[in-house]
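S.K.: Join the two chains into one complex using the hints; note that each chain is given alone, in its own frame.
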Amino acid sequence: MTATQTAPVKSGAAGSAVFADSDSRKYRYFEPRGKRATHYEDVTVDVQPDPERYLLQDWIISFPNGRGAYSKDNTAALSSNWHLFRAPDQEWERTHYQRQSKIEAMVQAVIANGRKSGAPLHFDKAWVKVLQNHLGAWKHAEFGLGTSLMQAQRYGYTQMINNATLTNSSYKLRLAQDITLYLAEIGMDIGAFDDEAGKRTWLEDVNWQGTREAVESIMGSEDYLEQYFAINIVFEPLVGELFRSGFLMQVASPNGDFITPPVISAAEADYERNLANAIDLFHLLAHDPEHGAHNKRLFQSWLHKHVALANKASAGLQPIWSQPHSKPVQYSDARAQSVERIGKILGELGLDLPKE
Amino acid sequence: MTSTLTLNKITAQKGISVADAAKKIADLGWNPSYVQEAMTFPTDYKITKAPKDPMKQVLRSYFPMQEEKDNRVYGALDAALRGDMFRNVEPRWVEWMKLFLAIIPFPEISAARSMAMVGRLAPGEDLRTGFTMQMVDEFRHSTIQMNLKKWYMENYIDPAGFDITEEAFGKCYATTIGRQFGEGFITGDAITSANVYLTVVAETAFTNTLFVAMPSEAARNGDYALPTVFLSVQSDESRHVGNGHSMLMSMLKEPENHLLLERDMRYAFWQNHAIVDAAIGTFIEYGTTNRDKNKESYAEMWHRWIFEDYYRTYMLPLEKYGIKIHHDDVQAAWKRITEKHYVHKIAQFFSVGWPVNFWRIEAQTDKDFEWFEHKYPGWYAQFGEYWKWYDKLSHRGQTNMLFNPDTGYVYPHRCWSSMVPCVVREDIVTDTIDGKLHTFAHELDRWTAVEAFASEYQGRPTPAMGRFSGRREWESCYHDWDLADAIQDLGFVRTDGKTLVPQPHLRFEEKEMWTLDDVRGHTIKSPLITLREMSPEQRETHLAAYRAGFTINPCN
Chain A
1 MTATQTAPVK SGAAGSAVFA DSDSRKYRYF EPRGKRATHY EDVTVDVQPD PERYLLQDWI
61 ISFPNGRGAY SKDNTAALSS NWHLFRAPDQ EWERTHYQRQ SKIEAMVQAV IANGRKSGAP
121 LHFDKAWVKV LQNHLGAWKH AEFGLGTSLM QAQRYGYTQM INNATLTNSS YKLRLAQDIT
181 LYLAEIGMDI GAFDDEAGKR TWLEDVNWQG TREAVESIMG SEDYLEQYFA INIVFEPLVG
241 ELFRSGFLMQ VASPNGDFIT PPVISAAEAD YERNLANAID LFHLLAHDPE HGAHNKRLFQ
301 SWLHKHVALA NKASAGLQPI WSQPHSKPVQ YSDARAQSVE RIGKILGELG LDLPKE
Chain B
357 MTSTLTLNKI TAQKGISVAD AAKKIADLGW NPSYVQEAMT FPTDYKITKA PKDPMKQVLR
417 SYFPMQEEKD NRVYGALDAA LRGDMFRNVE PRWVEWMKLF LAIIPFPEIS AARSMAMVGR
477 LAPGEDLRTG FTMQMVDEFR HSTIQMNLKK WYMENYIDPA GFDITEEAFG KCYATTIGRQ
537 FGEGFITGDA ITSANVYLTV VAETAFTNTL FVAMPSEAAR NGDYALPTVF LSVQSDESRH
597 VGNGHSMLMS MLKEPENHLL LERDMRYAFW QNHAIVDAAI GTFIEYGTTN RDKNKESYAE
657 MWHRWIFEDY YRTYMLPLEK YGIKIHHDDV QAAWKRITEK HYVHKIAQFF SVGWPVNFWR
717 IEAQTDKDFE WFEHKYPGWY AQFGEYWKWY DKLSHRGQTN MLFNPDTGYV YPHRCWSSMV
777 PCVVREDIVT DTIDGKLHTF AHELDRWTAV EAFASEYQGR PTPAMGRFSG RREWESCYHD
837 WDLADAIQDL GFVRTDGKTL VPQPHLRFEE KEMWTLDDVR GHTIKSPLIT LREMSPEQRE
897 THLAAYRAGF TINPCN
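These protein sequence lines are chains A and B, in that order. All the letters of the first sequence, read from the start, carry residue numbers 1 to 356 under the working numbering. All the letters of the second sequence, read from the start, carry residue numbers 357 to 912 under the working numbering.
Everything labelled a hint here was simulated from the structure, so no lab data went into it. Where a beta carbon is used, it is the ideal one built from N, C-alpha and C, also for glycine. Hints may contain errors.
Unchecked claim - Stretch by stretch, here's where chain B covers chain A in the computed footprint (C-beta under 8 Å, at least three residues): (1) 89-99; (2) 172-180.
To be verified - Listed next, the stretches of chain B that the computed footprint assigns to chain A, with coverage defined by at least 3 CB atoms under 8 Å from CB atoms of chain A: (3) 383-397; (4) 839-852.
Claimed, not checked - Negatives, chain A to chain B, calculated, CB over 12 Å: (5) N81; (6) Q330; (7) S332.
For reference, chain B alone in the conformation it holds in the complex (with noise of 0.2 Å):
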């Protein structure tokens, strides 16, 4: 045998090559002639330049391929639960994942949805591929996640909350924030949802922080399953920003597309950093157990992963295209995180409301506070306090942390936009729309109701942007409701029919748990209808005092 002789020289075929298999299946389209195709999602974009597709897979190659991701995955799991992860695991962690995969199957479902829409929008066929892989790519996570919760279910100390996800997700206080994020990417102008707050924002910039930085942090908490699901799921992440961005490019194109890119870049970076970093860097940072001083906290993480990654080197880039591009947004955001503390109000205000959720959330404790203070200068003077009062609430007999007024506390108004409550409470503004006051938790928020999401944008007719709507403020469901009759309404009693499913703890035993009697007796308000009963001078004066914020009783 001469070295040279080598088997694939007997064995290779004369092939296409990849990119003549991409340009082929690409003139699969034709313009149709008998009858047109209806624009049933319209949007106000113009779009003439047939994007390219960056990728040049074909499903022949894509399937497969998926298919040994999935055994990858699938072997994982099974190989978790021979080695007795949920022995090691942290509950604390687990816990948040009963309201993070409640609320993910659904966006990514929404995403597979879209790309009808950017499909049809897409002139020519060179795309159509990279759609139709990222179709069934979120057909995938969604099914995949579904599956990852079912698993916990059934192997974790505690499954209730898993028990009743998709129902707890409609209708909880917390994962109606997941719900705006989901819908919009469905809903409104087509371009505006599945791409530019889709695509070219959520996938490129924020699942990293979604699907990179929080497995991470699954696994020091002794969870190998999520990293294995989600960083699988991420690997079909960058077809996904290939799409977005050559979409972006054939937009960029149209010189009467920057106001509407200006626009949508602006409200999509603005609210995806107001659901996400609340989410997910409340899950990192509050569901960890792990105090590792040499780790990176969430804003470390925010900024290598949104403002190096994403901010400098996508965003940037865009102006020279001619789109204004809104650096004191970015600015905004990273001193939300690190001076105003975004990220701990949030955590503050999912843990107040405790008794209308459904998972447990564990109190912070001492190992906690150093950590925090260590990542964030400030941190014990402002939450330590709380802390401990919730720790303290947390046995039954005590008045529940949501109504207890010892604490100092003050139930947070709900931002109209992000459905994220108003938390950094400083920044809190009102505007009308239609006649009816509402609250956002900052002026980009109210911009994006009252402004982005309006039929004319600075002057321009904008006929195919969305409106908010439904019953937004989630307190007004149950204004005037008893406590223990909202829980039972909202679903949220284990079968016994009197033990709640959410508690303000860890602590397993029959006895700890709390029910419907310890909460009841206690009246929901609505903080938006409260506010537009009162007088304009009374509006004001409560206003000032919100700004004005609040300070913790010492906990004794």
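So that you can see chain A by itself, here it is in the shape it has in the complex (with noise of 0.2 Å):
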């Protein structure tokens, strides 16, 4: 048994020779959005392959249709250039779980503290009936959108599209079982708290039949950027910011609750990172040099079918402005003011906000 030893390296650390590429030490295969590739991109780029980039063999395993892993006609949305978009968001795994973690930390925080100090106890009687039914019944909601994006991470032609849709789903569902958690601990601290009237307020309660119908519409559609565009540039600021900041966050702590407004606050930066993250993705396709016509069309029709669910859902939810005791906020200011967000972001994607 004889072989030519081969020279020992001395070191494996970067520096300790020099040759071809030895200072090589940036990923470069693809092009980065500013300057300097950002970690995001790093971690994110090109993960998901395609044809395109790099798939030498194309698909090799295919649906019994003939499609591979991953079609662009999983959308009616067409570009030119599906492997544009980043995130603003930049997130990865480590940002995930840090921003994630941090928020349950508050969430329980406050949750604990309050309770420590019996304020759960104080809380006006009117009020509590509105977080147990309304609150308990929008944690349907929640849920609802979170399995929705669930869903649609599978579909996207790019790994950026895709991990911005699914961190857009785990957000989502922390909050749905956030809520679920608080009502349940603090229902241990009032009396006669039901703790399953949300979710018959949800399925049966006339005022949110409209809200479930558009939240059931966008589980329903076939089309992932039909989903993340109903959630992200019509849901959330015709009834999502509608019920959470225009309702809750301001009419909680007149009536004597401290608790719910930061619970629900998280949610609000939830939805200023995925709306930016929705926002550019949509601009791109707006804006796309050869498809931006058609997919502002598209677009158009989205708004088209889910500002009417929307606005029918705002709508029902009008009488839940009246039960409070303490009614600092009128139902029509707070929704002007969504009308007004949604103006705001359509103005951004070049888009007209439907007549009712």
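M.R.: Printed below as a string of structure tokens:
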């Protein structure tokens, strides 16, 4: 048994020898969005390949209809370059866990401290019913949106689109669970708190049926980008923020509840990030050099469908503003704010809000 | 202060139990009545029984737990740099990480995507949180692995190969095996791919060799980063195993699923064996410099993790539910690893094709020979001369290993099913699909492609089952190309425009490094196209000779 021994390597550390590309210390297969690749880009871009980047052999397993693992026609939107999108929130696993974990720590500290001081016992009685029934119903809406996004993250043509959708789903599902556990915990302190009333309200209360229909319409869509659009561009400003910021956040404290606003506030911060991601993606598509006009027409049709559903949902929720004892904010003011908000969002995208 | 007084008694608050929390969260779902959810990823399985969530964890505890795990991982990476890990790391090992880490982030993120598929198919909402956590876990695995690769690229002596990683993944003749693995998680029947292939087999059985056995070998080679990252990754797998098993149990309740489960367990076990053992077996046995005879060989680890642990305690008990388990398949895989030298023949294949790879492969030496002979008696007689040739031909000016007729090596056919070449020559079989001839590494691979991935299985319609597609034989993509042109097309050339990214040695001096000129003048031939071009008689003769194998000529 003999073989020539190779020269021993003294060190495996960078810089211990100089040769071709011994200093090539950046991923060189993609164009960064800015001057230098961000950490997010390095760990995200091109991990999901496709025949354009860089599947030499094309997809090697297909569905029975001949389509590969990912197809551009999973959405009616068209793009001359699907690979261009980068999520402005730059989320990757570490930042995602850091943020989610901080939120959970904040939410639990608020709830624990509030309960320790006996705060739930001092909530206004009518407000307790509002939390029990309506915040209890709302958690199902958040859950439905979260599951829609979980579904949607399977379909996008690039890793960047799918990961932004995935983190959006994770935020929504966390919020749905946070609300569930929050209500269960304060329910233990408040006598005769019916923890199952929320789901009954969601399924049966006439005021909530518009919201349920809007959410189920999103869940039932087969176009992943329509789901992402309907949630972040339409439902969130017209229904989500309306109910969370326009009602819960403002009405809770005048009714003795200082706990609900911080629990809900995390969702508003989540939405700011998800909205930034969504606007960036839809702006790219609406201004696509080849397909911009097609996409704008498509987005207008999605607006037509989902704004009508969201308006119906929003109108259905109006009576809830009258239920607390203390009514520091009117539905009409909150509604005006949400209409203004969607107007600004659509303005960024060059789209028009359909008339009611 | 009395002995019974504790801080906990002062500060404790009445809370909800874990079981109660999980139950309330499982009640977040409902049956839509306005618009029904579309079943966009269909399955031929029938699932009526809602799977139970065995872990009962909620996101409130999940996120802080994961953040803490991350803190430990990133802290350890910082510590490794402070401890000058790369000064002592074995380049032979890190080079193979260029291949491994090019492959693995895609299967990981595919697993995240596949949660959408099982999430919608599972009745009830009990497992939804489990699927959600797995989705975020897989996002974690994919990006934490990309981060590790970036870290190697920034700190290891030769970053070439790491710097083109995801592009190389889509093109290389070795990574095609990994693409089969990753696409298998997301394409075709949703249960076959996302539950049986991914969770019930890949995660439950083979992540042990991937994420437990491999990190041990990394540590033996001075690489403390890989174990840190991958053992953290593996700590998430127990939840995934729970998801898969729970889903499996709910499918077992339907007798009409049993035939499909038998089919999918067979396909998934065999293909996981073919792919994972090929790759991880090679990394562990050939990427190491540690030749401690007291450590377990890959075959010994396989026996422990796959045979004893998975086969005996997971697969066998399925028989009591009426699932036919193919014991002979497990025995056949074991025989391939031990008697038929599967891993060693794969290592031969990976190394012979070094010019179309994107990492460095060093020759095995006397010290390695001794260990291999000790662990795999008879190894030297079969593989010793090969590695001596490899060493000899690693110098510029020699005809490269892939095209050197003096060695006696015969380039293998590619298996149409697993994408791994037909290295156990006597087992090669052929069959036709849609009138086209294909080669398979084993009868089970033929069965997989021809019988399992079809619209009907044993008389039962299986409209959701996937199909094998694309230009599956890598060699066909470069049939009749000059080797240098193919390497250029692959992008496996350093930025000076001439030096190859791959090298058949670990010598870092510029003068030792092969360039395009050193490999020009050799024409790549696809074994499959060549076989198809033969007359039936020629083909039979060729296959008979192929089955008889080859002998490596003595290397003087």
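S.K.: Determine for every hint whether it applies to the structure shown.
M.R.: Hints, verified against the model:
1. 89-99: Our answer is that it holds, as 6 residues pass the Cβ test (under 8 Å) against chain B, meeting three.
2. 172-180: holds (count 6)
3. 383-397: Since three or more residues must qualify, the claim that chain A covers the segment 383-397 of chain B holds, with 13 doing so at under 8 Å.
4. 839-852: holds (count 5)
5. N81: Its Cβ never comes within 12 Å of chain B, the nearest being 17 Å, so this holds.
6. Q330: Holds, since 29 Å exceeds 12 Å.
7. S332: holds (27 Å)
When held up to the earlier numbered hints, the structure conflicts with none and fits them all.
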